[in-house]
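Peer 1: Required output: the full structure, derived from the provided sequences and hints.
So the protein lines, in turn, are chains A and B.
Start counting the first sequence at 1; every next residue gets the next number (our numbering).
Start counting the second sequence at 1001; every next residue gets the next number (our numbering).
Just so you know, not all the hints are guaranteed correct.
With a straight-line cut-off of 25 Å between C-alpha atoms, the simulated SDA-like cross-links for lysine to any residue are [claimed, not checked]:
#1 A/318 x B/1090
#2 A/311 x B/1206
#3 A/166 x A/190
#4 A/318 x B/1055
#5 B/1132 x A/32
#6 A/251 x A/307
#7 B/1226 x B/1251
#8 A/326 x B/1106
#9 A/311 x B/1067
#10 A/91 x A/81
#11 A/321 x B/1067
#12 A/321 x B/1154
#13 A/318 x B/1251
#14 B/1132 x A/36
#15 A/321 x B/1091
#16 A/311 x B/1107
#17 B/1233 x B/1154
#18 A/318 x B/1102
#19 A/40 x A/64
#20 A/326 x B/1133
#21 A/318 x B/1112
#22 A/321 x B/1230
#23 A/202 x A/378
#24 A/321 x B/1277
#25 A/166 x A/188
#26 A/311 x B/1092
#27 A/311 x B/1074
#28 B/1132 x A/312
#29 B/1070 x B/1002
#30 A/318 x A/239
#31 B/1032 x B/1206
#32 A/187 x A/174
#33 B/1132 x A/39
#34 A/318 x B/1206
Derived by calculation from the structure, the hints in this document are not laboratory data.
This structure is a prediction, so every number in the text was calculated from the model and none was measured.
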Amino acid sequence: MSTAATPSKTGSVSVSDSNQKPERKRFTYNPNRVAHTLTKLGLGYFAPFARLIGKDEPAKQLKEIAVNTCLPIVAFLCFVIGWSILARFVKTDSVQIPGPHQSWYALTGTALPGLSHPFPDSVSGQEAPYFADNQGLDPKSINGFVVAEEIAELNYQESQQERVDKFLARSREAEAEGDLEKAAKYKKNADTFADKTYQGNKTFYDQIWISLLTVAIGFIIATLVAVPIGVLCGISPMFNIALNPLIQLFKPVSPLAWFPIVFVFTTALVATPPSDSIWQRALWTSAGVVMLCSLWPTLINTAVGVASVDKDHLNVAKVLKLGWFKRIWKIVLPASLPLIFTGLRLSVGVGWMVLIAADMMAQNQGLGKFVWDMYQNGDTMSTAQIIVAVFVIGAIGFVLDRIMLVCQRLVTFEEQNI
Amino acid sequence: MAYIELNNVSVGFGSGTDRSEVLEDINLHIEKGEFIALLGYSGTGKSTIMNLIAGLVFPDEGEVIVDGRKVTGPGPERGLVFQNYSLLPWFDVYDNVALAVDEIYSADSETERDEKIRTAIDRVNLTDALHKRPGELSGGMRQRNSVARTLSMNPEVLLLDEPLSALDALTRSVIQDQILGIWKELGQTIVLITNDVDEGLYMADRIIPLSVGPPATLGPETVVDKKRPRDRKAITTGEEYHKLRQQVIDFLLAEKEKERAASHARPVSLPNVRPMDISRHRPTAFRGQRPKKRKEIA
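Peer 2: Listed below in structure tokens is the structure:
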């Protein structure tokens, strides 16, 4: 039997080898293959461009691009124009809703060429930088903000070092004078200053990473909890009946309501970490809230997926007399993976949405805290930064959703229902 | 005592007022090594008989005995080939067979199991598609994979539940011959469900038709005592098979007639109207009138 199998195997390998040889010599662009790969990766939007580059029915691709690309761009431009017009009308004593230009300035720290400075009344931007060594960027813009926070930390450490040096010098002086007690006191003072760490805000980019980390922790814990419970609910109707009221009861609860409860949990269970560690209690609290809110879609989808496994597949398991574990592992779980991943995709979406609120409440150093801090600043520039943050939050949410979509496609078989 | 026995078996589904009897008073005896074809209209309970022997369904009355023991559940000695293949789409041909072999021959070494898997796949000529998933296979190849999975368990009884009904005529005849080849080689007892009289005549020792239920019972059996290998051409055109086919078809047609008569028992009164040919006579009653508005009617 193995002899019968080997020739066919080697045969197929040699065939693909001979196919690939000309490709190695001269790179050939296969628009169809690239388009298919893009579609598989959830980037089907770019498929017409890939085909156009390969000159595959250019007229059709141009038409598709005209519809699929130009229409959204036109809509976006309409939105921007409407935004810039409407923003002028919304004003309070201290804040004005920032328009697109102001938001652009908040993002890049530079005015658009040909337009007047968006914040004429504030720090005078490019001409007179707030920090002399800040590359001409307004420290309140996000780009400036990144540098500003770093500079603030450097300044802090510098002044800290000065104090440490001062106390050490005094300690040495006291030692030279023979006053050992005083020397020890100064030494202790120096040590306390040396131990202190920077307590200011993280930079915007660090906050993005911390947000992603928080969501990842919450999501992973939620998955570890929801999938097994969902499988049990799907397998055993009794279990499902027992748990269903609890699920229905807790599913609609807002993250803001969960926060105080989770806060008590983390305070009780997590020891206070050193202040320069990223594993702050706030992060665990935030992750806990994310977990409690993103648990439900996965749980419910898993239960439905497991309960609706094809009866024939279960009959196969019966006829083969598969054991309980093997039945779950080899038949039930693979069969319900597409639905489980649909649930996971929904969970990531919910988790990311909940995160901002959770970060605000828990003061976790994530995007939510950024938004909260900017809100507390309460000026137009800070509001413009909030708008930038809104776009960033949306973009990251979109990317996360695409990643989950690709995962979902990878586990779904074309003929799932044979 | 026959190898497989169904004695006075009755099965129904549902309970209370919702209950419907599917099979009633089934008596079926099958000898070891025999090839039986169960023939009947769809929905008459053929698959239920199969599931009874396989141990997936249990009789409400009567008993099912295989090899002298009462059937209490599925077992590897009774291999069931499902109508819709029931391959697992996330496994390739090899792994689908391995699922069965690894379970039933878990005591054997890995090389022995590998050997068994490859033998079974080779027996249905699927070695070329060893690492293809069901989604990449044609209908006939899927069914062969399903047969290979069942064969790999080395069953004494092969239960084929309409394995060929979803295939095209050419593929069907190829797989018919493959099944007959396997049967000749290994000599299992085979129960085949089919709705094709010619298939029964070509493959089986006995054809047993089912009456139109519910509840269904077994009709008079037709013994096909022709020597093998049988000639397809003779079955479709030859005199000797004509009588046998007629016997089976007569029973099935009579059954259908009975069912029709039963449904006619309830008189249906049709309205006494005659169709009008509006291409020639435009309906005069409405000529020149516009349709009335709802307000005007009220």
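Peer 1: Out of the numbered hints, which ones does the structure contradict?
Peer 2: Checked against the structure, the hints that fail are numbers 2, 9, 13, 16, 17, 22, 24, 34, while the rest are satisfied.
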